[in-house]
Structure formats: C-alpha cells, structure tokens
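Student: Given the coordinates of chain L, work out where chains C and G should sit on it, guided by the hints.
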Amino acid sequence: MQLQLRSSSSASALFSAVQVKPPSSPPVRVKALFTKNPGSGTLKNSNSNTNPNPNPMASNPRWAQKTVTLPPLRRGCHLITPKIVKEIAQDLSEFKCGLAHLFLLHTSASLTINENYDSDVRDDTETFLNKIVPELYFVSLLQGRSASWKHTLEGPDDMPAHIKSSMFGCTLTIPITDGQLNMGTWQGIWLCEHRDAPTPRKVVITLNGI
Amino acid sequence: MQLQLRSSSSASALFSAVQVKPPSSPPVRVKALFTKNPGSGTLKNSNSNTNPNPNPMASNPRWAQKTVTLPPLRRGCHLITPKIVKEIAQDLSEFKCGLAHLFLLHTSASLTINENYDSDVRDDTETFLNKIVPELYFVSLLQGRSASWKHTLEGPDDMPAHIKSSMFGCTLTIPITDGQLNMGTWQGIWLCEHRDAPTPRKVVITLNGI
Amino acid sequence: MQLQLRSSSSASALFSAVQVKPPSSPPVRVKALFTKNPGSGTLKNSNSNTNPNPNPMASNPRWAQKTVTLPPLRRGCHLITPKIVKEIAQDLSEFKCGLAHLFLLHTSASLTINENYDSDVRDDTETFLNKIVPELYFVSLLQGRSASWKHTLEGPDDMPAHIKSSMFGCTLTIPITDGQLNMGTWQGIWLCEHRDAPTPRKVVITLNGI
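The listed protein sequences derive, respectively, from chains L, C and G. By our numbering, the letter at position 111 of the first sequence is numbered 111, and the numbering carries on one by one without gaps. By our numbering, the letter at position 68 of the second sequence is numbered 68, and the numbering carries on one by one without gaps. By our numbering, the letter at position 208 of the third sequence is numbered 208, and the numbering carries on one by one without gaps.
The shape of chain L in the complex, shown without the other chains (with noise of 0.2 angstroms):
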C-alpha cells in the first residue's frame, strides 16, 4: 500500500493564511476546536468545499497505539513508509487533524526521515554513517592512528550503531492532515539497520488528534 501523499494547498486550508486576506475584512482564523457541545464544535474551515458534511463528532480528541514489528533488514537505510502506513491507515483514516508519532525501541537502529524514490540516496547515506563513524580506527593527519571505541563486547559494529543512533535519532512526529500523513512529495520514513546481523525492530506507534 502506498501512501497517498496530499497537496499542501489543502493542508494550508484548515486555517487560513492572515496575510492573503484583504485587509478591510477581519482575518478569518479558521481552527480545529472541541467544544464540549458538538453541535457547535465542529471544523470550522475555510475551504468549506472540501468539507462539506463535517462530522461533530470528529472533533473529539482520540488516542490508538500500537507496537509494530518490522522484520529484519540488512544493515543500511531501508524505506519503511508502506509497511507503517499500512499498519496504522484504518486509525489513520479517522483522524482530521494530528500528529503520529513513531517510537523505535532500539539503540542501533534508527528512523530518519528522507528521500523516497531513488534508492542510490539510502545507500550513499549508509556509505556516509560508515566513513564518519569508523569501525576500528580514527585516523587524523594531527593525532596519526587511534583506537576508536572501549565498547567493543558486542562486536565492532555495536559502538558505532550507538552512535550512529544517536545522530540519526530513534523517534519521529509527523502531522496528520485529513486522515492521512501530511508528508512532502519525496519524503519517505527510513528505518536504518547499523548493526551486521539483522534482527526484528520494533516501534511503538502513537496516533492522537481529532
């Protein structure tokens, strides 16, 4: 299942912009709201035409969340946007306005947003990780040769899938926009495998918005 990303145009129109509106009319600050009475708290927006029949109830806040397993991977940058958006979209598809929020429960692994289409960016990016954070050796034309890392136990790809963890980062918050994740048209969810050996990952997904 793809994801079917939306135009920004229609993301801008759940509220309009203050500066494109003629200055002898009051700006009209058009916002998602709850209220507690439903009838009078429903979207209020300004491109009424793609709205036609809100419904009140949509505007109660709601939460889902969900632990997903992804299956292993090779070590590498891997586009995980399918497999997430298929796990999430039915709760997905109820949400008019929000935030989802991946939470990757490992520290060798990371999630990344980046470059959907050509798969030459995901490997150079890897290419990148190893050359920045080497294996054994620092080399520098000051310091000559260096040992890297004292945390060698787990082998020597461990150490620096800490840290390429931590440059990357294992966390992810994305706006939901209209039922669906309000990404740019060649955005894509990365998850990064940094150690050798593959092993499931999983992370912990949280839906909340209206």
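Hints were generated in silico from the structure; no laboratory data involved. Warning: the hint list may mix true and false statements.
Since the list gives no way to pick one copy over another, a pair counts as held whenever it fits inside one copy or between any two copies.
List time: in silico DSS-like cross-link candidates among lysine-lysine, alpha-carbon distance up to 27 angstroms [said to hold, decoys possible]:
hint	residue 1	residue 2
1	K131	K150
2	K202	K83
3	K83	K131
4	K131	K86
Tutor: Chains C and G only, in chain L's frame:
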C-alpha cells in the same frame, strides 16, 4: 515580531515541585486537566496570581494546523523564530499549555534549535556541515581519496544536502506555556538550507494543547 | 528510582493488530477514545484482564507540564532516566496512553536516547563527538590544516558544543503506556553536556494523554 521568552520559574509553576513543599502538608499537585464539567475543569494553578481569572473553556483541548511557506534562502543556516512566531502568534496566545510541532516538507533542508544571537554560530555550523559531508571526495590516511556518492543526478550539492537533512532532522516539537513558545533565552529556530539554489520551503505547524 | 520497563506485548494490546484476527470475524479495533459521555467513553481494551476496572475519567485528555533543573554535570554523556522518571512518576502513573515530551532549554548540551547499561558507550560517544567536531583545527589531506571557527568568544569548547547540540538535538518525545515511559529494554535518556564548565541544565517536561 520578536519572540518573547518567559522565565522558567513561571513555567515550573504549572504544577508545583513536590520536594519544595513542607513535608507535613500533603503535596499540592497542580496540573492542567480537562474535565467534562467546565466549571470544575479550570486550571488549578499553584501560582494563582498569574491567572486571576482563568477561563474554564481554556481547558478544552484544541488543535490548530497551518502550512507556512518560507521564502527562498541562500545555502546556510537561518534564524526563523520571528517568522514562525508571527505566523502562529494569534493562535499560540490561546494555549495555556501545549506543544507546537514543526515539520519541514523537504529532504534537502533541515530544522534545528540553536543559538539565536551571534550569526557567526550559524556560519560556523554551515562550515562544519560542509566539512563533514563533502560534495566530492572522502579523503583519509587509510583509504586515500575515494569518490563519495552514487546519487549525483541533481548536482554535487544534492546528496550532501540529503545527509545533512537527516543529521539535523526535519521536525521539531517545542513546549507552549502561557501562550508562548517556551524556549531558552538563547534558543532560536533555524532553517538550514543545504542546496545551492534557493527555493521556497514549506513547514506544517501543528499546535495542540489547552 | 529505576524506570520499570514494560513488555511491548502489553503495549500492543491497546489496540489489536488487524492481521492476527481470524479473517472470518470482523477485526476488533480497540483504541483509546474520548467521548462526551464518560459512561460510554471508557477504554475498550482487547486484553480486558489487564484493566478489569477501567476508570471512565481516565479517558479525559489531560496535560501536565513541569520544568526540571538538572544539577551541573561534567562534560560528557550522562544517563538521566532515573532522575527524569522520579520527577514525573506521580503524574505519569495517571496516564493510560500518551506522550512525554522533553525539551532542553540550552544550546550547548543535548538530549538523546541510547544504551542504558555500559557506561563505556557513553564514554565512546563523547570520544566520537570530540573527534568529529574539533575545537581548533580541521585537518585533511586535501586542505591541510584550517582554522575551524569564527565564534570563539566564549572559549574553544563553545562552538563545538553548539554543533553537537544540533547533531543530537534538544528535544525528545517518548510514548507513555500504562503509566510508564514505554522505552526498549536497553534504552535510556541521556543528557550530553558539551561545555567544559558544568552548569545546571533545565528541561521542560510536558505530559499529554488519557
């Protein structure tokens, strides 16, 4: 418009620290709660002087989302706090407590929080990024000169731009306290443009709170 | 106080994974919902044994925010999970599902998630940061020795500290499940102090959930 920073002492006041209470009295735990009954659901604040007349409706969870387009900026790091705050100030002022989420819809630029005063810090950061993610060659005493990238179709600055984007990230979450972004005295929001050719950049801003 | 980690299996139970259901029966989609009517707004949990008597009020969205001051720490990476959990434990216990957001109010230190067991991992990470962001000179086979920084007024460790802060970031968001931070077995929260002179560091903690 300059972001008005607030002291962290009043930020702490949202609920009282348990350890500063006399041990003989029960700890007063004050926090933001939403309840079904607006009359009893007001913010209970340990520092009542700062909120003499709390509006019960202020405790209703609310969401606001907007896509902001930043004008083209030259390659390098740019302070965008005033621009961001100007775009959301009116909505921000209605949140007593919450989170502001920024999501850059691109893979060759990044968002980060760093020093807001001396522009040399931004220049030095750009210098660092260019040193650490070279456009053409990795050179080392061990390996000599080696070609850097497979992904070169979009120019020599493109692949390094992708890597820098994952290093700093495309997403930020900032606390909201008393209607303002709750950042440190020296903190600012930076947009780092990693491409040579300036291009407009879009940021989805999501506000959530009470 | 040690953070008690929970198994991801019970975390998943907040709503059931669609694929593990028999195809003949409709998928039971259970999630945390807030409704206007507390009687019908209780948590519907696929694992009813873990929540025999759900409190309907627990499904009311709530917010808590607090500024924590960490004592001065020497330059390097430090495990602060116990300190953070101690500060928020009482409030955390009231959240069935949610997110904990940490925001460091400084630009020369950072927050990251990494290994919580072997202190060598923290030492090696500090070694890496110092190699990759030198205080005085960049040295390369191609360019020879070149002065590093323009921003030197606050000492040679200041500009590298700013860069390290953006590399690891100053903000973390961690899922809350059943009253606890839902992190992996080996994950811990690190404060990385990048300045030579220890100084107190403030973290704004925002809890949001049901």
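Student: For each hint, tell me whether it holds in the structure or not.
Tutor: Here is what the structure says about each hint:
For a Cα distance limit of 27 angstroms, the shortest separation of K131 from K150 qualifies both inside one copy, at 19 angstroms, and across copies, at 15 angstroms. For a Cα distance limit of 27 angstroms, the shortest separation of K202 from K83 qualifies both inside one copy, at 13 angstroms, and across copies, at 26 angstroms. Taking the shortest Cα distances, K83 and K131 never come within 27 angstroms of each other, neither inside one copy (29 angstroms) nor across copies (35 angstroms). With identical chains, the CA atoms of K131 and K86 are never at most 27 angstroms apart, being 34 angstroms at best within one copy and 39 angstroms at best between copies.
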